[in-house]
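Build the full structure now, drawing on both the sequences and the hints.
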Amino acid sequence: MNKSVILLIADRNPHVREFLKREMMAEGYQIRLVKSGQELIDDVHNADTLPDMVILDPDLPDVNDLSLVYHILQIVPGLPIVIHTLQTEMIHQVDAKHSVIFIEKKGSSVDHLKQAVKDLLGME
4 MNKSVILLIA
14 DRNPHVREFL
24 KREMMAEGYQ
34 IRLVKSGQEL
44 IDDVHNADTL
54 PDMVILDPDL
64 PDVNDLSLVY
74 HILQIVPGLP
84 IVIHTLQTEM
94 IHQVDAKHSV
104 IFIEKKGSSV
114 DHLKQAVKDL
124 LGME
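What the sequence shown shows, in this note's numbering, is residues 4 to 127, in sequence order.
Treat the hints as calculated values from the structure; they're not laboratory data.
Model, not experiment: these values are computed from the prediction.
The beta-carbon is built from N, C-alpha and C at its ideal position, and this holds for glycine as well.
Hints are supplied without guarantee of correctness; some may be wrong.
Unchecked claim - Under the rule of at most 30 Å between Cα atoms (straight-line distance), these lysine-lysine pairs were calculated in the DSSO-like manner: (1) Lys-38 x Lys-121; (2) Lys-38 x Lys-117; (3) Lys-24 x Lys-117; (4) Lys-24 x Lys-121; (5) Lys-38 x Lys-24.
What the hints assert, rightly or not - The following label-pair restraints were derived from C-beta to C-beta distances: (6) Met-126 x Gln-41: 17 to 25 Å; (7) Asp-114 x Ile-78: 14 to 22 Å; (8) Val-79 x Asp-122: 18 to 26 Å.
Structural data, given as structure tokens:
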């Protein structure tokens, strides 16, 4: 990987955050972790370096819907976001023109997630 790619992972579960951090760091990405919607907004809004992508489980303690996605996209239009969730009914709730994709959380989803990240970032 030529450029150091920053992934911002937002998940309420500390075990999931650490698992995804470990898996994505093994792929060569830099990782930042947040555990709430407010932390996510603060990171995207105030960081010295913007993330290249957000991996988001929208089931966060202070927000449990996709309004957070639209809020992030208002701050950074076009920022790639991967919705990593058990809530499959959310798949049809985001306008397809945005750079947002869904990966269902299940046993093998980390491989799908890694591929989705590469695809969205246009990497081989």
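Here is what the structure says about each hint:
Among the hinted pairs, Lys-38 with Lys-121 is consistent with the structure: their alpha-carbon atoms are about 23 Å apart, no more than 30 Å. A C-alpha spacing of about 20 Å is found between Lys-38 and Lys-117, which places the hinted pair at or below 30 Å, so the restraint holds. With a C-alpha separation of about 11 Å, the suggested pairing of Lys-24 with Lys-117 holds against the 30 Å cut-off. Between Lys-24 and Lys-121, the direct Cα distance comes to roughly 15 Å. Compliance with the 30 Å bound is thereby established for this hinted pair.
The straight-line distance between the Cα atoms of Lys-38 and Lys-24 is roughly 13 Å, inside the 30 Å bound, and the hint therefore holds. Distance hint check: the CB atoms of Met-126 and Gln-41 are about 30 Å apart, inconsistent with the given range 17 to 25 Å. Restraint check, Asp-114 to Ile-78: a C-beta distance of roughly 30 Å breaks the suggested window 14 to 22 Å. With their beta carbons about 19 Å apart, Val-79 and Asp-122 fall inside the hinted range of 18 to 26 Å.
When held up to the earlier numbered hints, the structure conflicts with 6 and 7 and fits the remainder.
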